[in-house]
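When you get a sec, could you build the whole thing from the sequences and use the hints?
Given next are the chains, with one letter for each unit.
2 protein chains.
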Amino acid sequence: MLEKIKSHINQSLQSLKNENIIHLSSYLSHGKMLRSKLILAIAPNHPKVLELCAIIEMIQSASLLHDDVIDEATSRRGEASINAVFGNKNAIMLGDVFYSQAFYELLSFDIKIARSVAKCVVRLSSGEIDDVMMSNAFQSDERLYWRMISDKTASLIATSSECAAILEGLDFEKYKNYGENLGIAFQIVDDILDVFGDEKKLGKPAMSDFKEGKSTLPYLLLYEKLNNQDKQKLKSFFRQDGIEAREWILARMNENNIFDLAQKIARDYGQKALKAISKEKNEHLESIVNEMIFRQY
Amino acid sequence: MLEKIKSHINQSLQSLKNENIIHLSSYLSHGKMLRSKLILAIAPNHPKVLELCAIIEMIQSASLLHDDVIDEATSRRGEASINAVFGNKNAIMLGDVFYSQAFYELLSFDIKIARSVAKCVVRLSSGEIDDVMMSNAFQSDERLYWRMISDKTASLIATSSECAAILEGLDFEKYKNYGENLGIAFQIVDDILDVFGDEKKLGKPAMSDFKEGKSTLPYLLLYEKLNNQDKQKLKSFFRQDGIEAREWILARMNENNIFDLAQKIARDYGQKALKAISKEKNEHLESIVNEMIFRQY
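If you're matching them up, the sequences are chains A and B in order.
Using my numbering, you'd call the opening residue of the first sequence number 6 and step up by one each time.
Using my numbering, you'd call the opening residue of the second sequence number 6 and step up by one each time.
Keep in mind that the hints were calculated from the coordinates and are not lab data.
Here the structure is a predicted model, which means the values were calculated and not measured.
Treat the hints loosely; a few may be bogus.
Heads up, the list lumps identical chains together, so a pair's fine if it works in one copy or across two of them.
[Stated by the list, open to error] Simulated crosslink set (DSSO-like; lysine-lysine; CA at most 27 Å straight-line):
hint	residue 1	residue 2
1	22	219
2	37	269
3	22	117
4	179	286
5	179	22
6	11	124
7	117	53
8	117	280
9	269	42
10	269	230
11	53	124
Here you go:
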């Protein structure tokens, strides 16, 4: 099924009849296609479901292409990133081609679907701007963190679920709610793994968020627990790298049970996702929450 | 009228309720708004005309924001560029906000208008990719030049005219045709001025296109006229800077009457633009062609 989605994306790009675009995009990898999996779990047999998946994956690819330029990333999903191979210029413009071709194809769908996706891309990009603006100094305001992860991570997961439900004629608010909560839980788990590591992946955790200027939930929870002197010390380690910072932060995280606190919050959001669709009897969607949020790590 | 369009754009951005976006976009300048002038000349009294202008200007701003990152430009319209003040990250993402908010607002228009604009953004971005790909070596294939300037410059001018005509219930193919030809003529004039300078602006011409890796029409016409040895010499100056290159190129351009040849082609496109709307009796559109293409330079 995921292969069929890739072939839809290729067809869409071939229709542009521009050999440079076809060449550049042949270097893209498509990852696990979580958003397509959600769509397929909600509207598995709808005649336009693969087309919707292809559009959402193109939006996701566009957003990653621009992210990689922003983060000066040299790899993506184990392959060299487009910006690393063909330069920032081509990566930005290929992202723009993907966004605009996706918008063009959305116009053959229910207008509610087109509106949801367009609004979502506004949120994706706003979330990125917030992320950049917040990276100058440690940001202890939790409200900004919630807005940022909701915009940056949850919005496209929420939109994917919502649009699939609109396609299928289901109660789309429930599915949007499911996706929003799943997306937030997913981001928190990601933020936890950055600090505490993942059992599945041996070796030390990366602890890269804080040194890259991201004030994620574990750091916000820790900051609340610390006395004034340690609050200042934590702040002084923001955007710093070094063994002293890593060890001090990890010791304070462990003393203050930040893992448990953060995990509980992630699971609360996971529960909210499950509750939103509790009457929909969709085992596939339920198992996605269980595998992503309630797994061991 | 142009002030009212700016206020429409501001309202649209205010509706996003994100203080970072409002702050960043307060640094944007909007230039001469050629595209809005065309729209206003075609559908002056339509109740949605200012909204359409605001959307098209947001698309144009998004495209310039991404261009400036690509060109590492430090200024735009006499002001410091967003990328120079706030970094590439914010400039890319603000462009994405503008594109996606514009697409969102387009959904309240006739679907033909939304399709035309979405397709146009695909063309704008494809044209940029072609431009980047063509900048590695001198490109003597005229077909690639025509495709590139049609995509990069003419497409949004064509779409602006077409969409205004759709709004007004006019024969939109004629207006699209007008805009496409005007856009191509406008780009050729720009390419001529880069080599030969503009009477209005004293001082030496910039001659920056060739050294920046752009094979524009005057260079393509010159290449055709040169013998094999001089063809190689011209190619050897591609992406080079220096007094010898400038003087040699300008002498060959003058010997071969490239100014007249290129100007004739620009004017032929200007005539095509006028012919496309000859029965529409729109003096305003006619005078725009005369002022932009048939002026003294």
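query: Okay, which hints does this one fail, numbers in order?
result: When the structure is compared with the hints, none of them turns out to be violated.
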